[in-house]
Amino acid sequence: MGDDSAYAVSQKIRSLSDVSTLEARLATIADTQRLIAELLNTRTTCVSPAAGIAIPELRAHPDKSILSTGIIGTGNSAHALASYLSAAGCSVRMFTRSPIKADHINAVRHIYSEDRILGRFELAGAYTDAGAFADKCRNIFVATVATAYRDVAETLAPYLNSSHTIILFSGKFGGAREFQMKLQEKGLTDLPKIVETDSLFACRIVADSRVWIRGIKRWTLFSSVTKSETEACAPIINAYFLGLTPATNLVQRGLTDFGALAHAPIALTNMHSIDRGEEFLFYYQGVTPRTVAVLEQMEAEFRTIAQAYGCELIPMKDLLDRYYGCDTTDLYTAMTSVPNYRHSLSPKTLNHRFFYEDVACSLVPFEQLARIAGKETPVLSSMISLATCVVGEDFRKTGRTLESLKLGDFDQSEMVRFLNS
6 MGDDSAYAVS QKIRSLSDVS TLEARLATIA DTQRLIAELL NTRTTCVSPA
56 AGIAIPELRA HPDKSILSTG IIGTGNSAHA LASYLSAAGC SVRMFTRSPI
106 KADHINAVRH IYSEDRILGR FELAGAYTDA GAFADKCRNI FVATVATAYR
156 DVAETLAPYL NSSHTIILFS GKFGGAREFQ MKLQEKGLTD LPKIVETDSL
206 FACRIVADSR VWIRGIKRWT LFSSVTKSET EACAPIINAY FLGLTPATNL
256 VQRGLTDFGA LAHAPIALTN MHSIDRGEEF LFYYQGVTPR TVAVLEQMEA
306 EFRTIAQAYG CELIPMKDLL DRYYGCDTTD LYTAMTSVPN YRHSLSPKTL
356 NHRFFYEDVA CSLVPFEQLA RIAGKETPVL SSMISLATCV VGEDFRKTGR
406 TLESLKLGDF DQSEMVRFLN S
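Our numbering puts the first residue of the sequence shown at 6, with every later residue one more than the last.
Treat each hint with caution, since some may be false.
[Stated by the list, open to error] The calculated DSSO-like cross-link candidates involving lysine-lysine, where the alpha carbons are at most 27 Å apart (straight line), are: (1) LYS69 to LYS232; (2) LYS411 to LYS198; (3) LYS106 to LYS141.
Calculated directly from the structure, the hints in this document are not laboratory data.
Turn these sequences into a full structure, and let the hints guide you.
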């Protein structure tokens, strides 16, 4: 690091005390990280010890197709994932419908990543042609919002076959099933492997080709629609992510999701502030012990659903610890001691993925699973009703229902047998 560059970084750090708003402070932190990243050699990758992960070296993997990776999407999670996969040695291609975004990526051909993963990471290119993209990529990550899965499946359907693996990054409940159903609707019989997991990165794009990764989940579950399909996908997932574990079944994976539990209740209890555009730290300032009491009751309902379908859940406070590390004294203490949550800002609007994904694609099918098993979910159900009222959309009709997944005709025992097959 040259003296002039080092001085520039030190000046950025000193300027933090003069920044008045939280948003501006975060931007200054990100700009400091960017300056550091630019000073690194292009082949240098620095993983912060605080990240708690190791990036695998996939160039030595015996299955060379593991290096042929594609990412659908160009948002926050897609940028973080591209950095991680490139650092692991993969040839990373991105797909977007926007010619402008594709042209920019193809002109730059790299991403700067800051904080938990620090460095400059090369990209193999970007595509707007789905056929050309699918031809180059054996393993395709879908890093879009969960509500886009049907459109993505429809776009890719003519070009997929059983040699592909589709990895849904932030699948919510049943994303793999929804993707599978759409491919079949489009006439595809030679189906790819399809697996869903959580998005692993707490991140934000801070400038063109620059992503701030402030947290990385060290552990979570993954699942395909059935147990046998999950087992077939396990070697691929574990090659990319050493800390992920196969779920007992799709229900366990869907319920092992802190966002599905926390996002809607916290947003609803702070809806007046969000609706006014007031900025606050979502987890650090948006919760009180009374808010957490709502989450704890809803967690008990999650646990009841899981047990009805033959699986167990780890306590949510322990889940946060396994994600990022925290104090597990109780759920409130856990939520307010996750290091990267000190940077997690509130939504700027109530028309947000916390409702369109977490309510529509998780809570709605959870409520239906409970009804099939004869279980009551008063708090969970109230969250759906309140979200429907606040947003003005009937999520019980428009959400990811069991009927839309072609699972609505199963009784409880039939559902368990199907998922465990």
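Against the structure, test the hints numbered earlier, and report the numbers of the ones violated in rising order. none
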